[in-house]
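Model the full structure from these sequences, guided by the hints.
For the record, in the sequence shown the residue sitting at position 163 is 163 according to the numbering used here, with numbers rising by one throughout.
Source of the hints: derived by calculation from the structure; they are not laboratory data. Because the structure is a prediction, the values reported are computed rather than measured. Fair warning: there could be bad hints in the mix.
Said to hold, decoys possible - Simulated restraints on C-beta separations:
hint	residue 1	residue 2	range
1	C158	R197	50 to 56 Å
2	A114	D190	31 to 37 Å
3	R197	R129	22 to 28 Å
4	P141	V97	45 to 51 Å
5	H257	P86	38 to 44 Å
6	T186	P141	35 to 41 Å
We put the CB at the ideal spot given by N, CA and C, even for glycine.
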Amino acid sequence: MSPSSSDNGDSPDVMVGGHPDNPGSDAAAGPGRQARGKAASRATAVRLPQELDYRLRGLRTDPTDDVPATPARTDHHQQQQHRRGPLLAKVAAFLAVATLAVLLLRAFIIQPFAVPGNAMSPTLQAGDRILVLKSRLLERPIHSGEIVVFNPPQSLPCTVVGGRGGDLVLRVVALPGDTIWSVGDTIFVDGLPLRERGWYDPSFGQVGSIPIRSTTLAPGQYFVMADNRSDACDSRVFGPISTSSVVGEGIAVVGRHGHVFFGTL
1 MSPSSSDNGD SPDVMVGGHP DNPGSDAAAG PGRQARGKAA SRATAVRLPQ
51 ELDYRLRGLR TDPTDDVPAT PARTDHHQQQ QHRRGPLLAK VAAFLAVATL
101 AVLLLRAFII QPFAVPGNAM SPTLQAGDRI LVLKSRLLER PIHSGEIVVF
151 NPPQSLPCTV VGGRGGDLVL RVVALPGDTI WSVGDTIFVD GLPLRERGWY
201 DPSFGQVGSI PIRSTTLAPG QYFVMADNRS DACDSRVFGP ISTSSVVGEG
251 IAVVGRHGHV FFGTL
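Below, the structure written as structure tokens:
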């Protein structure tokens, strides 16, 4: 009779992955042995905490000093200088464009003009700065009641108070083809009383001290008068003006007594 495995010191069969080294041992072990093998198989499928700790041992969860610090705040003075550069460039560009626009307006569209005297009071005062729309840009004929700047005759038979020569500014009261005259303190145009909108100074009346002789205007001629009818340096003295002498139409007052002032004409 041969000795058993326990007698000769050999160890029993070892289960690897739930299977015995000897396939025939399952039949010899019986049902109890098979149940114990299945339980051992399930036990080996569960990860032990020690194994999890071993695998995660290389990971560091504590904060380290390797995280880059927040960049230091840029100096406030440097930021202001950085912003000031583009701003100054924009301001310079705006001023250049504005200057160019003013030059173009003055050359081709609008011209400033200084009122030489008090002939147009109370509407305009001596020294007022007005804007004049140049005549070549007028797409319509000049209307009665409009204020115009014009080149007067070379030899004026009257003196413009406060003036230094040059252009004059007066109001149109009669148009080409009209016949104008005055009777007493009333002006007639083509037989009808001239209806003015309170332009003239009422203290001197509509006509003033010098009456209007009957005058028929030729094509391209205008009869102009001062709003201050006591000042007779107008068409009552030097006659009608021609279309070619008109510089432009006054459209607005932009300065008075050395200060900014705005008013439409």
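Structure-based check of each hint:
1. Judged by the Cβ atoms, the range 50 to 56 Å given for C158 and R197 is violated: they are separated by roughly 26 Å.
2. At about 35 Å, the beta-carbon gap between A114 and D190 stays in the expected band of 31 to 37 Å.
3. Here the CB-CB span from R197 to R129 is close to 23 Å, well matched to the stated 22 to 28 Å.
4. A beta carbon spacing of about 35 Å between P141 and V97 contradicts the range 45 to 51 Å that was offered as a hint.
5. Judged by the Cβ atoms, the range 38 to 44 Å given for H257 and P86 holds: they are separated by roughly 40 Å.
6. With their beta carbons about 26 Å apart, T186 and P141 fall outside the hinted range of 35 to 41 Å.
Checked against the numbered hints above, the structure violates hints 1, 4 and 6; every other hint is satisfied.
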